[in-house]
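Assemble the complex: chain A is given as a structure, and chains B, C and D must be docked to it using the hints.
Protein chains: 4
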Amino acid sequence: MAPTRVGFLGLGIMGTPMARNLKKKGFEVTVWNRSPEKAQALAAEGIQVAATPVEVAKAVDVFCTCVADPSALTEVALGEQGLLRGARKGQLFIDFSTVSVGLVQQLAAQFAAHGVDFVDAPVTGSKGGAEKGTLVIMTGASDAALAKATPIFQAVGEKVVHCGPVGAGTQVKLAGNALIAAMLQGFSEGMLLTAKAGVDPRKFVEVVQASGFRSPYYDFKGKALLGRDFATHFSIDLMHKDLSLFLDNAAVHQVPTPCAAVMRETYNLARAAGKGGQDITAVITAYEELAGAKIA
Amino acid sequence: MAPTRVGFLGLGIMGTPMARNLKKKGFEVTVWNRSPEKAQALAAEGIQVAATPVEVAKAVDVFCTCVADPSALTEVALGEQGLLRGARKGQLFIDFSTVSVGLVQQLAAQFAAHGVDFVDAPVTGSKGGAEKGTLVIMTGASDAALAKATPIFQAVGEKVVHCGPVGAGTQVKLAGNALIAAMLQGFSEGMLLTAKAGVDPRKFVEVVQASGFRSPYYDFKGKALLGRDFATHFSIDLMHKDLSLFLDNAAVHQVPTPCAAVMRETYNLARAAGKGGQDITAVITAYEELAGAKIA
Amino acid sequence: MAPTRVGFLGLGIMGTPMARNLKKKGFEVTVWNRSPEKAQALAAEGIQVAATPVEVAKAVDVFCTCVADPSALTEVALGEQGLLRGARKGQLFIDFSTVSVGLVQQLAAQFAAHGVDFVDAPVTGSKGGAEKGTLVIMTGASDAALAKATPIFQAVGEKVVHCGPVGAGTQVKLAGNALIAAMLQGFSEGMLLTAKAGVDPRKFVEVVQASGFRSPYYDFKGKALLGRDFATHFSIDLMHKDLSLFLDNAAVHQVPTPCAAVMRETYNLARAAGKGGQDITAVITAYEELAGAKIA
Amino acid sequence: MAPTRVGFLGLGIMGTPMARNLKKKGFEVTVWNRSPEKAQALAAEGIQVAATPVEVAKAVDVFCTCVADPSALTEVALGEQGLLRGARKGQLFIDFSTVSVGLVQQLAAQFAAHGVDFVDAPVTGSKGGAEKGTLVIMTGASDAALAKATPIFQAVGEKVVHCGPVGAGTQVKLAGNALIAAMLQGFSEGMLLTAKAGVDPRKFVEVVQASGFRSPYYDFKGKALLGRDFATHFSIDLMHKDLSLFLDNAAVHQVPTPCAAVMRETYNLARAAGKGGQDITAVITAYEELAGAKIA
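Residue numbers (my numbering), protein chains in the order written: chain A, 4 to 299; chain B, 4 to 299; chain C, 4 to 299; chain D, 4 to 299.
Bound conformation, chain A alone (with noise of 0.2 Å):
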């Protein structure tokens, strides 16, 4: 049986190794990106690369996507040269991408339509997990396209939950990053004010790694810390973005979440500070700046 021909859109941190991981499980992979160099890049390694997403759909029978945010996946999906030209009855669509609850029902609904099943399936793992295919991946589907996407999870990821109807996996990955805003937003501060206060540190970063409370999390991100390394796995601008998100949902569904409104409004104050580009740890240098003060 020939091989599964896959179309993968978006070759951001993410996308990249997504796209190598499901050559390498054998796949038949067609890229797009928007900046052609990305896609370029991986022609040497037999991936096939084409010149707009309605040319993707057209090649492929099951077509992912992971771009920045909704108005990305918008052009992408809808465009002139958007996937839906292309579309035909019998593929599958996989959203990999973070986007609003709204969109990934509306696309589902377009693309039904023209008898493409709809999966909204975002990841956690960051960077790390997209590279050696360990991702988390959070499902929005109906049983059947679910199974039918199963073997593309498989190429990416290690675990998959499938969280109910299409939507149900955007509704979780939005409260998961919302999550990690607040768990990362308490770790700065006590950095900060135990730092400011003349206490090393470090001695916080070890009674959290000792107690209850423990995180690979903290792990990863009390190093990141301590050692002011700052590179992108995930950045300010993305995560305010999905900080938006998870608020509209909230007004959506009417549930006050004090808690990721404030955090919005940090990541608000980080960008003003011109630091949107850089990793979320990055955060708390802007209240540094005002402080007078370091973590380390």
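A couple of the hints might just be wrong.
[Stated by the list, open to error] Derived DEER-like restraints, expressed as beta-carbon distance ranges:
#1 C:R8 <-> D:T235: 52 to 62 Å
#2 A:A227 <-> B:R231: 33 to 43 Å
#3 A:P154 <-> B:G295: 39 to 49 Å
#4 C:A116 <-> B:R231: 52 to 62 Å
#5 B:D232 <-> A:A227: 54 to 64 Å
#6 A:G280 <-> C:A116: 44 to 54 Å
Hints in this document: simulated from the structure, not taken from any laboratory.
It should be emphasised that the depicted structure is a prediction, and the values quoted were computed from it without experimental measurement.
A virtual CB, placed ideally from N, CA and C, is assigned to each residue, including glycine.
For chains B, C and D alone, coordinates are given in the frame of chain A:
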């Protein structure tokens, strides 16, 4: 050599098992509690019971306190029947409570004037850690005082982190509790929003525990929340006090801590709703009541 | 010269008296409303009623909209029976709604392509100002469009502030509403705290009104709160929408607005508690219920 | 009848003109200030200068305090050279400071034990009101004590609001200052966002002042902000203290006050940025620096 005589004042959720562990490890233990029934309960186990703090101070080599808040500690240490009235040169005062940095520094100075060393040694590990003797102890002390306290610490905890001079243990403890509040708030907001949006919150918990931001704390509290088990391990009243103390520290040292500030008002809201004595997991139930939705 | 023919779409708390004032000032008025009863109520007053927005556009020289939110305006302007379908060169489109800056800029561009000038002209003054024709109008428009709109403005308001090009009126309006939310929240928190602390909140109101920070708004809302009069002048749902739009602006322009962010969640909480249709003064009643205390 | 002998302790921005007004109205005035130069400056005006608070207490019938914070008042009233050491039956103690409710209640009790009546009488009106004698005075006192204090109040203020028993004046004052913080923050956020969005913030100020939510305060502070006049009328440090005290009250009485909580951290941020001594209008400059935009 005669066993060290240790006094223990404050027999709450934490203090009672800590006093028992000291007895088990061979110390000669004398206890006192404001409401005497809790002390009497230990008499059958070979633990001596004193009628006043001053009586404890006179009878022991080391006295330990583990009380609810700054005013309780002030009364036990400095009141008319307080420890200071019975203090003598060469003794050691270990405070396991979580109070203000200012108060532990003041006590250290006042007891030093009587030749008594002081260690602030707040603990984390909750009820279970106190029972099993696996607490993590954050200490603020001179090296000499710490050395004297070590056998006591080994009897009640499994890890000691020496954070710096007197007050440093309290700084780290307060930052740790503010971190817990942020972790739990992010988790609770996510659970309530996914639930009200029609997504099974068990899926959210499953994703958290499969991801890099998993934590034993989320395993523990996830089960509690999904099972609606609000049995008190750490009360809303106590967390509210600790967030207030953390924010006071932040004010003293001029570090903006917006996340902790919002948490404090969230705990204030839960207290206003009559939930002060319940576990911190019950904070979300105040929102549940408002939002007409439940996490489980 | 024949009177200018003016269309008015959206007959809510504000729109109905504004349409009446246009009629009174001699304009020939045609109205439309989504639920037709409100339009029929005006028929007896010599106001014409149209069945669709497009019908209004065809019948008039100037069309005015005053609807609840961005989606309602989009439908009225761009829907299948929308104004654009009836638009013709030389007309003027005045939007009195409060919607997003992005939407008014988009409408301006789309109607300009048909030769129609556009003015965003959100108003303040609440129900009473609409009835008396004393609204304050914040406009975003070219000088030429503003000149054409001026006779209309004089019929419904008493002051026009030209804030800049299209979108500028909306910017200022959203900032004004965020300001109102802050003013009212500070007032409400103070009243509830003094009341629960056992101090007559009328004393608080008296002090406010005797001080340099007095305001006609505090006079108006102080009486309403003390009299527990929550009749809707401006609903919690609408303020929640405006705070959301203000925060979206803040995100676009990267300005941290922590006060507005917290207000939005406070309004979210009030909506969750089922108070969305009530006046913004009723926000405090959600806290009253939690806190077991009343402002009056 | 000999003029009443009045002591005045604390000669800051408010205290100096208040003492002068007492002298002008015919009282025999004795002053004390921690840094003696400020007291000496008044000697040429026929005002007597005492070396210590106790000396003031011995020389007068009524003593008034107007100091910066709870610790300063505690020292002046209860310190080794404090007022209590010179207090005698029949005297009156008027505190014009803004401190905690707990402290004024404690002072009332301690001075009552010496036969001295106590009135808490915080004022509003800022520097200008103190100079003109047009302060608004919020009093907490028994009717008898209030009657004795009235001639003093008439010399320094133009309106007295009797809020209730001792502590009630302070409750209302703290709520009033939290209100001012909310008013100013909403105003500042709106100005900075409109400015950064390219809209002239003078238009925003013009709209505010034309609307029902206008206030003399916005007139005053609007001119200051547009003119970048940050001369200190009321310092960031003092507002931060008052917000902290208000939040402590809110904690005691269990009333959620999320707006005040966020304001406190905003002031904390401004203090961290080294602006503590500047006027509260300068809070926004911390955001300006971050946001790379100016209100004017």
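Quick rundown of the hints versus the structure:
1. C:R8 <-> D:T235: 52 to 62 Å: 58 Å, holds
2. A:A227 <-> B:R231: 33 to 43 Å: 37 Å, holds
3. A:P154 <-> B:G295: 39 to 49 Å: 42 Å, holds
4. C:A116 <-> B:R231: 52 to 62 Å: 58 Å, holds
5. B:D232 <-> A:A227: 54 to 64 Å: 35 Å, violated
6. A:G280 <-> C:A116: 44 to 54 Å: 36 Å, violated
Of the numbered hints given earlier, the model fails hints 5 and 6; all others are met.
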